[in-house]
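The chain contents come next:
Protein chains: 2
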Amino acid sequence: MPSFNKSSSPPPIGVFDSGIGGLTVVAELRRALPLERILYLGDTARVPYGGKSAETVTRYSREISDLLLSEGAKMIVVACNTASALAVPTLAPAYPVPMIGVLEPGAAAAVKATRSGRIGVIGTRATIGSEAYSKAINSLNPDLSVTAIACPLLVPLIEEGLFDDEVTKTVLQRYLDPMLSQGIDTLVLGCTHYPLLKKAIRTICGDGIQLVDSAENCAIAVNSLLAAGSGNARGPRLDILLTDSSEGFLRIAEKSLDLKIDSLSVRSVGN
Amino acid sequence: MPSFNKSSSPPPIGVFDSGIGGLTVVAELRRALPLERILYLGDTARVPYGGKSAETVTRYSREISDLLLSEGAKMIVVACNTASALAVPTLAPAYPVPMIGVLEPGAAAAVKATRSGRIGVIGTRATIGSEAYSKAINSLNPDLSVTAIACPLLVPLIEEGLFDDEVTKTVLQRYLDPMLSQGIDTLVLGCTHYPLLKKAIRTICGDGIQLVDSAENCAIAVNSLLAAGSGNARGPRLDILLTDSSEGFLRIAEKSLDLKIDSLSVRSVGN
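The listed protein sequences derive, respectively, from chains A and R. Residue 531 is where the first sequence starts when you use my numbering, and the numbers rise one by one after that. Residue 531 is where the second sequence starts when you use my numbering, and the numbers rise one by one after that.
Keep in mind the hints are simulated off the structure, nothing from the lab. All figures in this text were calculated on a predicted structure; none of them were measured in a lab. Among the hints, erroneous ones may be present.
Chain copies aren't distinguished; within one or between two, either way the pair holds.
To be verified - Below 25 Å or equal to it, Euclidean Cα-Cα: the simulated SDA-like pairs (lysine to any residue) are:
1. 785 <-> 680
2. 604 <-> 785
3. 642 <-> 736
4. 785 <-> 583
5. 790 <-> 764
6. 785 <-> 756
7. 785 <-> 659
8. 665 <-> 775
9. 785 <-> 655
10. 604 <-> 592
11. 604 <-> 696
12. 665 <-> 695
13. 665 <-> 793
14. 699 <-> 641
15. 785 <-> 677
16. 699 <-> 679
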């Protein structure tokens, strides 16, 4: 695999997440914008973010955004719901390029999807604790009812690749039962890891509930933000920087998301 | 709760872990050395260590040991099996105070305990991948057979407080079955989180298997290393520094381990 070389490449879309979850956003970006160059940073030295404080997640997000900017990123996609909820509102106004998180597009899609007016949201402890989804949904329509539940065990199960496993199903059922009994008709997958569990979640929820995938809706928002014809004439490229070496990362990227990676390097960030 | 004040206190035993697991070592140290002052650092901003590389875990351990030393620590107890396996061999010779990990005492206790010569070890992916337990056990007795299994889901389950839960039991059974069928008579709990699951592990293993608790054996080693009468004349004290605020931390310390905490502060380390 050739190594990452900044000078020879056009300005990329910078994308970051604490670990592998943001790759679901990369997969959707690739589908929506097949010619773009993407520079992805996975903060695997400090993964996960979902149980950490707003102050710490904001510091990590600033350090990574600075790095992506220094690599020439023309926009920054925060492919992590926890960082989108806790850091984007503070950081976005301070950067000279557009910074777009996964939260607002997901909230807007949920508002559009619901018929019954009852929306469920699942996410990390930090995302749910911030109430960012409830606020974003209710700022668009104050009449909607939002039930949000923190699902802290899902990220570890996904990082282990246990997508279709009895333990994952039991844990999911436990998290989802209370909101299903409240009659939601729309469920926001408020963590970029969760699309990897879509099949298991669909089995538990049944066909009557619409699943809102924040990765997919973020890619749609990025697409409409970029000027037409902004693609890389030399063809698509995916360069990956990780803050710590990580075996599981590549396995999931290649097997579950069918992503072609052009370069992969380990890079220190912040410390 | 009064805040932590370095100048007014005698030299502490410095203890660190990535998160809450090292508190099981603190609880054993408190039992063995009831008068000592303990200064504990939990690296909750970068927790967990168990899936990270030797290079990253060594860098984190060095930053924390430097901080404990600057706070006057008279010895450093590495209350984390991952850091004991990956960082202590490199770092210990470089420090002016004794640095003691949990791995060597646990390995020695397992060698002493086995009758059948078949020892099982459970730990994080990084600890098991390093083969540090197998090497330590076989350096004491090359005839012993060691079966080591990585149990990456146990730390997240413990951090969620699911000590007595069906999901935890199912996951444990899955990890332990292969080594039970190999006829081990001794099982090393090779992660300082695991003593919190002792009851569930005991139920699955039955009474025929000796559980070796690395926390307990580390406290015995620290006790024999410290000169008699080294206790703090002003009575015991436990000061805690965390690198990120953490609710779950206090809950587990107080409820599950019955530890009295004299001060708790958040402190940045390394970055």
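Hint check, failures only: 2, 6, 11, 12, 13, 14 and 15
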